[in-house]
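Protein chains in written order, with the numbering used here: chain B, 1 to 546; chain Y, 547 to 1092.
For the record, the hints were derived by calculation from the structure and aren't laboratory data.
Be aware that one or more of the hints could be misleading.
To be verified - Here are a few chain Y residues that sit away from chain B, every Cβ distance over 10 Å (derived from the structure): (1) S559; (2) P747; (3) S760; (4) K762; (5) R843; (6) Q895; (7) T972; (8) F975; (9) K979.
As the list claims (entries may be wrong) - Chain Y is faced by these chain B residues, among others (derived, beta-carbon under 8 Å): (10) F227; (11) A229; (12) L366; (13) N372; (14) T419; (15) T426; (16) L516; (17) K517; (18) L524; (19) V528; (20) V535.
We put the beta carbon where it would ideally sit given N, CA and C, even for glycine.
2 protein chains.
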Amino acid sequence: MSTFQARALYDFSGEPNTAEMTISAGEILTVTRTDVGEGWWEGLNSQGKSGLFPEAYVEKVTTSFPGPPPMPAPVLQPQNYSDDWGSGGNQTSQENDGWDDDWDEDPYSEIPNNSRQQPEQLYANEPNRNQFSKGDADNISEMSFGADNKGTITKKSFNRFSTFVKSGGESYILGTLKVNIEDTHKILIVKIDDGICNWPPIPPANHYTVLVTSPKKESKLKGLKSFIAYQLTPSFNNIQVSRRYKHFDWLHERLTEKFSLIAVPPLPDKQISGRYEEQFIEHRRVQLQEFVNWVCRHPILSSSEVWQHFLTCTDDKLWKQGKRQAEKDPLLGANFCLCIEAPDKNLLQSFVDETIDTSSNFIHNLDTAVKNLMNTAADQARKHAGAFKKEYTKIGESFYSLGTAIESAEKATPTDLATGIKRIGTAYFEIGKIFEDQPKLDWEPLSDKLYIYKGITSSFPDIFAIHKGAQQKRKECEKINTPPAQLSEVRKRTDTVSYAIFAELQHFKSEREVDLKVTMKKYLIEQVNFYKRIVDKLEDTLKFFE
Amino acid sequence: MSTFQARALYDFSGEPNTAEMTISAGEILTVTRTDVGEGWWEGLNSQGKSGLFPEAYVEKVTTSFPGPPPMPAPVLQPQNYSDDWGSGGNQTSQENDGWDDDWDEDPYSEIPNNSRQQPEQLYANEPNRNQFSKGDADNISEMSFGADNKGTITKKSFNRFSTFVKSGGESYILGTLKVNIEDTHKILIVKIDDGICNWPPIPPANHYTVLVTSPKKESKLKGLKSFIAYQLTPSFNNIQVSRRYKHFDWLHERLTEKFSLIAVPPLPDKQISGRYEEQFIEHRRVQLQEFVNWVCRHPILSSSEVWQHFLTCTDDKLWKQGKRQAEKDPLLGANFCLCIEAPDKNLLQSFVDETIDTSSNFIHNLDTAVKNLMNTAADQARKHAGAFKKEYTKIGESFYSLGTAIESAEKATPTDLATGIKRIGTAYFEIGKIFEDQPKLDWEPLSDKLYIYKGITSSFPDIFAIHKGAQQKRKECEKINTPPAQLSEVRKRTDTVSYAIFAELQHFKSEREVDLKVTMKKYLIEQVNFYKRIVDKLEDTLKFFE
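Pulled out of the complex, with its shape left as it was, chain B reads as follows (with noise of 0.2 Å):
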């Protein structure tokens, strides 16, 4: 690669001690490698240094459209550096596997392999890595449902750069990235109603649903590697293909890093198995069904490529090819916005400000909400197994143990008496179990549709980051002298963030409309039987006494 000149837009303070190089707004620098990956590129300054700055803190110097002024650097969170940033080696290793090669060796695997290092060991910096596994039967009242604070933020905040730069927006706004658009992907901004737009609606014939059923142990290498295979039967072909979780997570990386203005659902924790496996496993298929529904009905998810591609390739070589192809899509993050269509109309500026105020403060309290309820689900299911069993089962021994007690003065005249009194005690024993069988009808399900929210919910900051990202470069193109023409582009390209971000917000809305009003009613429905069942239990014992 031959080197080029850039020049600094902002002020960057490298690490020191690190590989990365302090540069100045305004220095020119040689820029001696753009492959480093990560957002980092390597070059000289005018002093002759080499080090690491980040790519989107400066401009080639071959560049039309004047640079911004000066201004401080997005703040940024400190990150300790491994000691691959220093060699700038091994980092994009990844990208390049194979798919089948060394992908197994990934801890994803369901199937503990004991030849290899223990995944407990992998896993040691996570604190909730085993909040679903079940360490023996006394242990079952210690699960939890993932009612933590961890959403699928974290994943992608690892990063020094903010969400604005990384998801390139500033390359969108300022218009720096040139793609030709087919028409077929070109995604059409409906608008409803006055501030109020939509993605374009799946049209009725499209609507489909996908099954996630029967995880099934399979193995390969002799043997020597097992994973569990889960198999997908969407509706508009009813052809089954089985995918593994590692599958899911190539999937839902791409469409993350695809759809930064999406909000794309979370995937099941990636946790190792405990001895409970086919609980753990079940629970999973139960989880992965929720992340597929929720895609289904996203009209610009279910209808994307790397979707359609996972959900129907069948073939090992067109996989890897349309792998590849996901892969090196260069319409990811704010540039998946040259594809969209949004109405003509400029916005307001006070209405976006209000609307996505409003929105980032609902997002909020939905988010606190939903992960309270959650920690009260899996407080509850807990419980349910552990202090309300045994609550249960001390009133029955009360009262077991009283019917004994009468008994011992009965042998020569047996009465019903203790007998009866003893099916008080077999009553409540019955409805301990009753309390202990109940969280996987309704808390169970309930956290698992919850935790689907809780991803959702916490995809929007960075959405909101976005946004801000772009209103902010667009205020300081306003600010200096931008040719009109391009002001205007630039404005466009804004409200067409905007857009996205509103079309995101009321499909949201539409879709829990919904779905949390069948979430509710499916729970209310359990939670129904459930003390219709102690009821009939408690009536059966009471014809005892008539």
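Mind docking chain Y on chain B? Use the hints.
Just chain Y now, with coordinates in the frame of chain B:
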């Protein structure tokens, strides 16, 4: 009082540093006082030393009947003597009390009187004295239902003498007390079956009930003294009498003293009410009703003179007469057996031993089981208003705040979803309230019933002790050369004690068969209604989602 000579029947070791005197079996003593009280006599030994010794350990040397040979004394409970013992002073003062003179100074009054010693101080040594009082609304969850290990046994054993000696068992078995019993006072034990006998059943026409109602605050001495009076209305005459707790207490003492072979049901604990006077008084009324019910169904207790006097006397003067008469009743304790006409057939020793053994075992088991269930009931009642209510309130809050969060996004276009989810929240708040209100319908009435059983079971060990004492006395008489005619009388009287206990056990059995069945049924009906109320509440909420 003139002195007389007495021979020590057993060794007795006087407590050092008290007025007690050590005596040896066979020693001749000069009795100087027989009115020391509580079973003590004062006298001089052969060395002329003066001191106190138990009346039951000596016999007048004028008696024609030879005393039993020396033997180890019954095992006595050590006791701390108050100063009153030494002076032989006012321990009998209560016996001389007039009805209205100083009874109001007793610590039983439900109305705290600020001008006198605080009730708290009077009861400083009673660990459970506050078990029914409630400090304030928050403390309601700490309310206990008397599920302690204290029964009426505690009070009756407050004496160094064995139950047998104290009840007069010895003089009865030995036939020292000669009393003419009127025919109308004779109690004929009915033999039902081989080995099963019963008290003479109450003729159906004589069955009656007594309602305990309308506790009223009354006062006298121009309001200086106030108390609670309960209204008792017997079904046989429909004439209401007004009785205070202290009257019940006096009655209870008479019944316990007289019917030492009968398990007299317990009175509610002597508690001082706190601020929650009304709840306390109503609860005491319920417990007094339980006591009255049990007495009414007992063939001997329900027809006893003192009970009839208590139930029917409305005249102050007649009341005092009856009171004095009851307090002078000579047929107390084991001597009550003089009234009993038992079946003629001599009982087989092996049968008696086995029956008493089985029954004693049963009573022990029942006592444990009843206390255990009472603990559970108290625990549940506490948790219903505390922990359980909290759980449902927490669930309610979680749903409610989810509803509120969703509402915050719906200002422009309000939907039903937020309202619906908030309704789920409200439903759980109400379920929490249902939980809080429940114990008074099931656990508390069950607890009040079990309280009676706890009192009954804790009465039986004393009854068995009298039986054992009688058996031992008979064996002693068999060992020495007692004249056959006298021995036959001793045996007959011992059998009478056995028959009486068999009758009492049989009565308890038939009582509980009916009573516990009704109790369990009532409890179960309330439990069914409880869970049905929860189902109704949830079904109401579910309608919103349909």
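Cross-check of the supplied hints:
1. S559: At about 39 Å from chain B, S559/Y clears the 10 Å cut-off, so the statement holds.
2. P747: holds, 18 Å
3. S760: holds, 31 Å
4. K762: holds, 36 Å
5. R843: holds, 17 Å
6. Q895: holds, 19 Å
7. T972: The claim holds: T972/Y sits with its nearest Cβ about 13 Å from chain B, beyond 10 Å.
8. F975: holds, 14 Å
9. K979: About 16 Å separates K979/Y from the closest Cβ of chain B, which puts it past 10 Å; holds.
10. F227: Constraint on F227/B not satisfied, violated at 37 Å.
11. A229: violated, 36 Å
12. L366: At about 5 Å, which falls below the 8 Å cut-off, the nearest Cβ of chain Y leaves the hint on L366/B intact, so it holds.
13. N372: Hint on N372/B: holds, closest Cβ of chain Y at ~5 Å, below 8 Å.
14. T419: violated, 11 Å
15. T426: With a minimum Cβ separation of about 13 Å from chain Y (threshold 8 Å), the hint on T426/B is violated.
16. L516: holds, 6 Å
17. K517: holds, 6 Å
18. L524: holds, 4 Å
19. V528: For V528/B, the interface hint holds, since the closest Cβ of chain Y sits about 5 Å away, which is under 8 Å.
20. V535: holds, 5 Å
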